[in-house]
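K.L.:
Chain by chain, the residues run as shown.
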Amino acid sequence: MGTQMRGTAAPGRTPTSLSRRSRTKGGIGESTLRPDGTLKVIGEFAYSSDLWHEDMLWGFTLRSPHPHARITSIDISKALAQAGVHAVLTHDDLPTAHTQYGLEYTDTPVLADGVVRHHGEPVALVAADHPETARRAAAKIKVDYEPLPVVHDEASALADDAPILHPNRDDHHAGHVPHPNIVHRQPIIRGNAAEAAKRADVIVTGEYEVGMQDQAFLGPESGLAVPAEDGGIDLYIATQWLHSDLRQIAPVLGLPEEKVRMTLSGVGGAFGGREDLSMQIHACLLALRTGKPVKIVYNRFESFFGHVHRHPAKLWYEHGATKDGKITHMKCRIVLDGGAYASSSPAVVGNASSLSVGPYVVDDVEIEALALYTNNPPCGAMRGFGAVQACFAYESQMDKLAEKLGMDPVEFRQKNAMSQGAIMPTGQIVDSPAPVAELLRLIKAMPLPPEKQWETARGAADVRALPGGLSNTTHGEGVVRGVGYAVGIKNVGFSEGFDDYSTARVQLQVIGGEPVATVHTAMAEVGQGGITVNAQIARTELGVTQVVIHPADTQVGSAGSTSASRQTYMTGGAVKNACEAIREKVLETGRRKFGTYHPAWATAELLLEDGKVVTDSDEPLADLVDVLGDEVIDIELQWRHRPTEAFDPVTGQGFGHVQYSFAAHRAVVEVDTELGLVKVIELACAQDVGKALNPLSVKGQIHGATVQGLGLAVMEEIIVAKDAKVCNPSFTDYLIPTILDTPAIPVEVLELADEHAPYGLRGIGEAPTLSSTPAVVAAIRAATGLPLVRVPVRPEHITGT
Amino acid sequence: MKTFRYERPADPAAAVTLVAGTPGARYLAGGTNLVDLMKLGVETPELLVDVSRLPFGEVEETDTGGLRIGAAVRGSRLAAHLLVRERYPALSQALLSGASAQLRNAATIGGNLLQRTRCLYFQDVSKPCNKRRPGSGCPAREGAHRDLAVLGASEHCIATNTSDLAVALAALDATVHLTGPAGVRSLPLTDLYRLPGDEPERDTVLRHGELITSVELPPPPHSARSRAPLMVYRKVRDRASYAFALVSVAAVLDVRDAAVHEVRLAFGGLAARPWRAREAEQALQGRPATEEAFVEAVRTELSACRPLRENGYKLALAERLAVAVLADLAGQG
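Those protein sequences? They're chains A and B, same order as listed.
Under the numbering used here, the first residue of the first sequence carries the number 143, and numbering increases by one thereafter.
Under the numbering used here, the first residue of the second sequence carries the number 451, and numbering increases by one thereafter.
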């Protein structure tokens with residue numbers, strides 16, 4: 143009894159098109175509510191920071207106050223002597239020779255190894271019976287530092303006498319970077335930009351800058367490591383990718399991967415900031431050393447040092463265009479500050495480079511993107527991943543070009559917009575819908591908010607709708623409106639030849655007289671709504687109402703990361719794939735049991751709907767309950783998207799991305815130019831989502847991404863001083879938009895199927911983050927006439943003083 | 451957080467005795483600022499003396515028609531108080547723009563006045579700061595200082611006072627009543643705060659053990675014609691809510707026969723104390739209430755500004771904000 147299958151599905155397996163007619167309630171296309179939604183709103187959701195274990199200890203991390211220094215000595219004796227302290231660990235205490243980890247390069251020390259390379263780098267760990275005891279003991283660790291020269295920008299990183307931050311690089315890019323302080327460099331050469339430039343009637347150049355944005359998730363890094371009797375460890379953790387963590391944790395602990403058992407705990411937001419490890423290894427080390435469960439929770443201050451940030455960037459662009467508005471060529475140079483360790487900088491460089499043209503057709507390009515090693519905080523994944531910085535620059539250029547040509551900025555964009563069949567600068571043909579011009583048309587066609595929208599019926603001003611808001615700084619006098627447009631292109635899923643897959647284990651059985659599907663994946667629900675969608679897919683494919691979502695853990699195969707807009711595509715695809723295999727088994731069983739009673743078992747196309755096996759003409763053949771009996775069908779399968787390939791290191795050519803995602807924004811702002819205050823009153827968005835599996839979640843993703851883009855446009859920046867120290871690690875000093883800063887966000891959704899993707903869906907979570915920022919800045923430029931080449935734009939950039 | 455003792459004495463005299471007799475003792479009221487700073491290690495008191503339940507919780511009209519506000523009154527209560535909203539609306543505006551509802555519910559008036567600066571370097575114990583650790587240096591001068599002082603700063607410190615309430619009270623000619631080991635005394639609110647000079651660690655002139663018991667306001671100024679209190683508090687900040695002032699202005703203006711009969715003007719966000727613009731007030735007294743006069747007067751006041759690399763924009767911002775506020779008030783009168 144019980145069928146079990148494990149294996150790998152062939153890539154590109156043709157999905158059956160069940161969704162066209164499913165009647166099962168709660169299936170795809172419905173806005174079923176998220177199970178975690180109400181709990182989060184009323185404050186009852188259990189986050190990883192709420193974890194508790196009898197007799198547990200609290201871990202604390204001592205961090206470097208210096209951005210670059212040699213550690214000459216560490217004295218832990220006073221900390222160890224403190225009552226309540228169970229362990230103090232430094233680099234010397236690490237159990238194996240494997241003392242570094244990293245997403246792409248293994249270059250990050252678990253604990254500083256003689257040198258610290260950024261402000262806040264972990265140096266030592268303490269476990270104690272109370273968090274405050276651990277904190278105080280850590281303060282008693284005496285570390286002698288000998289400060290070293292600081293590398294803080296391109297000039298200091300590439301100077302002749304620049305300190306080499308990672309002298310013994312053995313990563314796969316080490317051989318072809320022009321300088322050891324360059325993490326990765328990706329040029330793309332296509333056509334002949336110099337030659338094409340001769341055809342240009344106008345040439346426009348610009349230098350742009352993007353500040354360091356933080357993911358600003360609300361749930362700080364936290365988790366609980368519980369030592370097990372077999373010498374292994376159980377780790378309960380908030381992360382984006384359990385198996386990637388596992389791959390990095392196990393070797394440091396000296397344990398085989400099967401002895402490190404990980405379970406996803408409640409995640410309070412991620413946005414890329416949980417792709418890298420934070421306290422995972424630290425908690426495990428302390429638990430193994432003390433034999434007791436160890437919990438670590440960062441406070442907000444520490445959280446700003448506990449995860450990577452969005453790469454700050456400097457971007458230089460040149461575009462040419464003919465009088466009739468066709469772009470002739472593009473040259474650009476994008477310099478990303480990767481900070482002290484590689485994190486996902488190489489992939490960010492790949493994105494910045496390959497998406498640097500934007501969603502436009504430009505045949506002749508000369509592109510260079512690179513990430514630096516510096517002593518600034520490490521930067522890595524954040525929603526939009528390299529495409530955000532580029533989009534701010536190329537969209538600023540589009541407006542500049544249109545202005546120089548005397549053209550409407552939307553028409554100019556539409557004239558150059560890519561569509562299906564277009565060739566990317568990498569040579570890749572865009573082989574699914576790319577409705578760029580249509581998205582621009584949609585946002586332009588939306589009605590504009592009324593002029594003087596702050597006026598109430600009685601003629602008074604609603605100051606909440608004005609710049610300065612409740613501060614009462616204006617009642618409308620001196621307020622200038624501006625409208626700006628932007629559109630962006632984002633890749634979906636892992637690129638550049640990465641073996642990207644997800645795994646789903648689905649069981650179907652009768653429980654309490656009802657067919658019940660259990661879906662088990664390692665997908666991290668970080669708030670994106672993935673568990674809701676997985677259940678919808680199982681209902682649609684298996685025709686059952688009852689779906690149990692098993693907690694995500696490492697007892698099932700990898701789901702890949704909850705990032706790159708990929709989980710609905712990948713884990714959704716894996717669930718669909720496993721359900722299809724289950725369905726085949728059900729029908730096999732059905733034929734065996736009942737095939738002789740009705741010819742349709744052999745001749746018709748059969749579906750599972752409403753707990754029954756039905757024919758494609760809706761004739762019920764059997765109840766699932768009767769077909770299954772006491773059989774448990776249990777299948778675990780890996781599922782892959784079609785393979786991609788690496789970009790050529792010299793020309794940047796290659797089929798690098800599996801899918802593209804497009805969104806466009808129109809921003810309407812009111813600016814108080816006297817006081818430099820901006821009120822974004824509307825940020826309309828149009829996006830092609832392929833297929834909206836859960837329309838409400840789609841809208842939520844678009845709203846969230848739009849607001850995150852607004853934050854980068856007008857307020858969000860981690861301030862890193864020239865000495866490479868972080869200045870504003872708090873939500874009092876690092877500002878994120880509140881609801882009063884959040885505009886109306888009307889959304890238009892297109893559903894143009896991508897035939898390569900499950901249900902034709904398109905990853906959606908990131909694209910709107912891209913275009914939101916340049917649209918807002920374009921609108922402020924329109925209102926003020928200022929060039930505004932750097933984000934975030936603050937009052938002092940508008941007051942002209 | 452460092453270990454501390456906690457006491458909740460039954461009467462003010464006992465509280466004063468406790469704090470005065472213990473070096474490193476601090477009064478605790480709402481705790482919204484002090485406790486945060488203790489968590490960060492910025493404040494490390496030996497003893498906390500809780501004064502939040504002492505009998506300073508009343509808002510009363512004075513015999514002269516002014517208002518006495520107990521130091522333990524919560525911000526939310528004062529902001530919503532009928533007398534305040536009718537007679538001193540600028541005070542209500544300042545409180546409402548100062549913090550979230552949760553903070554206003556906890557924070558007291560006395561505590562609000564004694565909140566410490568939000569200089570990024572003061573908050574971070576891993577960095578030098580003359581206010582936190584005298585003599586350690588002031589990295590803000592060379593570092594991140596776009597929100598710091600342009601008036602009255604010293605080479606040792608460029609921190610600003612971040613209380614919105616204090617700016618409004620400064621413009622309203624508030625008096626602060628104190629009790630202490632040497633008895634009671636009263637000070638104009640503007641004299642409570644000090645400029646950093648070479649002792650930036652001292653924010654106020656309070657002596658150890660002195661406790662704010664109440665704040666007293668003179669009767670509100672009234673326009674001869676409308677009897678409406680002509681006053682306003684306005685704040686420019688980086689986002690719509692929950693952010694400190696880049697610049698703020700509190701102003702009282704009474705215009706009679708098109709001339710300035712009475713004016714009081716105070717700036718926030720520019721200095722280590724709420725900056726009462728006495729030069730501007732003097733320049734305007736009796737002058738025609740015109741925009742030109744306002745501009746000229748405010749410029750006179752701000753001519754003392756000594757901006758640094760990143761905070762020079764505050765001058766224009768302060769001028770424009772003050773002139774707009776005065777012009778609005780003049781127009782209403």
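Simulated from the structure, these hints should not be mistaken for laboratory data.
A portion of the hints provided could be inaccurate.
Said to hold, decoys possible - Keeping only pairs whose Cα atoms sit at most 25 Å apart, straight-line, the calculated SDA-like set for lysine to any residue is:
| hint | chain 1 | residue 1 | chain 2 | residue 2 |
| --- | --- | --- | --- | --- |
| 1 | A | K282 | B | S586 |
| 2 | A | K282 | B | R591 |
| 3 | A | K864 | B | S550 |
| 4 | B | K452 | A | G226 |
| 5 | B | K489 | A | G410 |
| 6 | A | K167 | A | S759 |
| 7 | A | K284 | B | V492 |
| 8 | A | K182 | B | S550 |
| 9 | B | K452 | A | Y440 |
| 10 | A | K841 | A | Y440 |
| 11 | B | K489 | A | G737 |
| 12 | A | K727 | A | G737 |
| 13 | A | K594 | A | K282 |
| 14 | A | K182 | B | V492 |
To be verified - Label pairs and their computed distance ranges (CB to CB):
| hint | chain 1 | residue 1 | chain 2 | residue 2 | range |
| --- | --- | --- | --- | --- | --- |
| 15 | B | D486 | A | V792 | 51 to 57 Å |
| 16 | A | L360 | B | E508 | 37 to 43 Å |
| 17 | A | K182 | B | E742 | 54 to 60 Å |
| 18 | B | A632 | A | K182 | 50 to 56 Å |
| 19 | A | A886 | B | R458 | 45 to 51 Å |
Ideal Cβ positions, reconstructed from N, Cα and C, are used throughout, including at glycine.
K.L.:
Look at each hint and say if it fits the structure.
P.N.:
The hints, checked one at a time:
About 21 Å separates the Cα atoms of A:K282 and B:S586, which keeps this hinted pair within 25 Å; it holds. Simply put, A:K282 and B:R591 have alpha-carbon atoms about 31 Å apart, too far for the 25 Å limit, and the pair is violated. Our distance criterion of 25 Å between C-alpha atoms is broken by A:K864 and B:S550, whose separation comes to about 33 Å. Annotation: proposed proximity of B:K452 to A:G226 holds, straight-line Cα distance about 16 Å (limit 25 Å).
Between B:K489 and A:G410 the alpha-carbon distance is near 23 Å, which keeps this suggested pair within the 25 Å criterion. Distance hint between A:K167 and A:S759 is fulfilled; the C-alpha atoms sit about 19 Å from each other, no more than 25 Å. Between A:K284 and B:V492 the alpha-carbon distance is near 20 Å, which keeps this suggested pair within the 25 Å criterion. The hinted pair formed by A:K182 and B:S550 meets the criterion: a straight-line CA distance of about 21 Å does not exceed 25 Å.
Note on B:K452 and A:Y440: the hinted pairing holds, with a Cα-Cα distance of about 18 Å set against a maximum of 25 Å. A distance of roughly 31 Å separates the Cα atoms of A:K841 and A:Y440; the hinted pair therefore is violated under the 25 Å criterion. Only pairs whose Cα atoms come within 25 Å are accepted, and B:K489 paired with A:G737 is rejected, the gap being roughly 72 Å. Between the alpha carbons of A:K727 and A:G737 the distance comes to roughly 14 Å, so the proposed pair stays at or under 25 Å and holds.
With a C-alpha separation of about 60 Å, the suggested pair A:K594 and A:K282 falls outside the 25 Å cut-off, and the hint is violated. At most 25 Å may separate the alpha-carbon atoms for a hinted pair to count; A:K182 and B:V492 exceed this at roughly 33 Å. For B:D486 and A:V792, the hinted distance range of 51 to 57 Å is satisfied, since their beta carbons lie about 54 Å from each other. At roughly 39 Å, the beta-carbon separation of A:L360 and B:E508 lies within the given 37 to 43 Å, and the hint holds.
About 56 Å separates the C-beta atoms of A:K182 and B:E742, a value consistent with the hinted range of 54 to 60 Å. For B:A632 and A:K182, the Cβ-Cβ distance of about 54 Å falls inside the hinted range of 50 to 56 Å, so the restraint holds. Taking the beta carbon of each, A:A886 and B:R458 are about 49 Å apart, inside 45 to 51 Å as hinted.
Against the hints set out earlier in the document, violations occur for numbers 2, 3, 10, 11, 13, 14.
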